[in-house]
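Undergrad: For reference, the chains in residue letters:
Number of protein chains: 2
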Amino acid sequence: MDISLNKSTKNTLFQKIEQVRRRQGKVQDTHITLAHGSGGKAMRDLIDDIFVSSFDNPILSQLEDQASLNLSNLLQQGDRLAFTTDSYVVDPLFFPGSDIGELAVNGTINDLAVSGAKPLYLTCSVILEEGLPVEILRRVAKSMKAAANKAGVQIVTGDTKVVHRGAADKLFINTAGIGVILAGVSISAHNIQPGDVVIINGELGNHGTAILIARGELALETDIESDCQPLHNLVETILKVCPQVHAMRDATRGGLATVLNEFALSSNVGIRINEESIPVREEVQGVCEILGLDPLYLANEGKLVVVVARENAEAVLSAMKSHPAGKDACIIGEVIASPPGVVFLKTAFGTERIVDMLVGEQLPRIC
Amino acid sequence: MDISLNKSTKNTLFQKIEQVRRRQGKVQDTHITLAHGSGGKAMRDLIDDIFVSSFDNPILSQLEDQASLNLSNLLQQGDRLAFTTDSYVVDPLFFPGSDIGELAVNGTINDLAVSGAKPLYLTCSVILEEGLPVEILRRVAKSMKAAANKAGVQIVTGDTKVVHRGAADKLFINTAGIGVILAGVSISAHNIQPGDVVIINGELGNHGTAILIARGELALETDIESDCQPLHNLVETILKVCPQVHAMRDATRGGLATVLNEFALSSNVGIRINEESIPVREEVQGVCEILGLDPLYLANEGKLVVVVARENAEAVLSAMKSHPAGKDACIIGEVIASPPGVVFLKTAFGTERIVDMLVGEQLPRIC
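Quick note, the sequences are listed as chains D and E, same order. Note that the UniProt record's numbering gives residue 125 to position 125 of the first sequence, counting from 1, and the numbers run on in steps of one. Note that the UniProt record's numbering gives residue 18 to position 18 of the second sequence, counting from 1, and the numbers run on in steps of one.
No wet-lab data here; the hints were simulated from the structure. It is possible that part of the hints are untrue.
Chain copies aren't distinguished; within one or between two, either way the pair holds.
Stated by the list, open to error - Keeping only pairs whose Cα atoms sit at most 30 Å apart, straight-line, the calculated DSS-like set for lysine-lysine is: (1) Lys-170 with Lys-41; (2) Lys-26 with Lys-142; (3) Lys-321 with Lys-346; (4) Lys-346 with Lys-41; (5) Lys-240 with Lys-41; (6) Lys-150 with Lys-240; (7) Lys-150 with Lys-170; (8) Lys-26 with Lys-170; (9) Lys-41 with Lys-150.
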């Protein structure tokens, strides 16, 4: 030892060293305390025990303040980087078919996927309310890891903040993500042309309805589950048969209606959809009728809206149907030249109505 | 027009089109409502008015769900991508010398910079409490833009969530960031060697003290301001004279003590620092004595801890002093072989004490 200490100090020292050695990176508490956000020992133990051990990959385990990723490897997979972020504040944390952890992984994967990117790396930043049971956090982290594994992405860096009881509601998660976009793919809400065809991969409104029911505001028992799922493999399947997809977006908050309005405004076109073609489960339709909701505005977490040139529609549709996430795919509408910026619905009765952007809020904290 | 409508519908339609045309992307409300997180029209107006107009860059203005960045351009600047994230929950939102917006930009820039990366692109994801004055959000966004401009980074994508009153405290921000690490640079907490020298760029504890005083818990008036500043130009200056820096980290939450403990544990070395060499303002020392705090654990938002081989120490020190963010740089300690994992402080009285990792929480919501 290259320092001089008196005997008592040395004893303290050796106890301390022993203590450091014994540190197992285990959380000592059953509930989150402010110390878990301190930057100190409790936080380090929490990170080791919950996140590093769950997410388990060599980049994260370095525990640097940033992940380091080889750029040449990225460039071999495509020519552009896609970069996105989303915060997740869904309430409740667990709901039929999914939970905030899976949602935070799949949601960000889908924001990458709809650009045609192969999702590769995610971050995980949590804001915890003092008093949150550690077991809840552990379940959420496991769910994130399972979703990341299933999708083939790695969670490579993160952050943990704790706020006083009452300054946040249990747990918020932010995930940012990066992926690589294949050369030649150019998907944008600005690319849509009159004559294009609008396709969706399945039933609308399951996620929103599952959350509503999980909140117990309705005395209903149904088997409706969130459609939370990663869409990048479905997107890959589509791009194989049609690299020149015009626009693609997942219909989350604000639902199909919001995506179509964004498309119509960005590309300065009109869009006309047919109510009879839009797949909605009977139970979802029922909940909507009881509550005065419109399934077109209900949130989804695994629904892909694809706009392609008419001559590619059949090939894309049949490719989508060949994939489990697209087996219920169908054509729901078409793009028209005018009036630009407006979405119409042809109702089951043969009339037409305008489907405006969502004004006000249907269901807060849906994702 | 290529659709058939009756006269009344047509009138409604034209009014609607007129309405779409008139939409100026202006926030109509003085306070945040749940509708601003709906995914619909109010959210779009908020994003246009507050974020897109403030951050003002062509990548963000696309309003896709992800930013698209040219990989070849990135590869020209270095060989690795650095990727990081941090959530900011600081309370209060505005404090002497800085605010949550500038902090959210500089904090993430610094997490990139300490890997030797040139910071390039940031995301901005906000969680808003219902009832937050829109004016507050506007000020914060302007502050983020100013910080981004000053540092030469772009905010290229984002997300907005709103939660009920009481489910979050005013405003939380997450920024994720990417940057490019120059070829040949390898900075890591695992690289530290016995004999290395520890350098810091200036006074400790100003940020933590400024927050404390801003909270009004002390009836003190001082001119202490947060040291919030971007460190990437200082890092660049250091790397020019010494590309082989061993370790570098910014001393934020948990302060200098936490960074040094992380270094000691990661590299399995001991670290000895000298109290007399550590720059602390008299007022900060005074606040610490009154409150029983230790400046070694106080948060900073512009303090860089650099570990270099002894033979490089003088060159690095003089390079740091040549830069405004490093003018008060000094050597504060050295790395020893044993006992590994332990940090010692040589006090002003000539005794030695162990500087442990922070146990418990000094100041919650400091960043």
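Undergrad: Can you give the numbers of the hints that this structure goes against, from lowest to highest?
TA: Per hint list: 5 and 9 violated.
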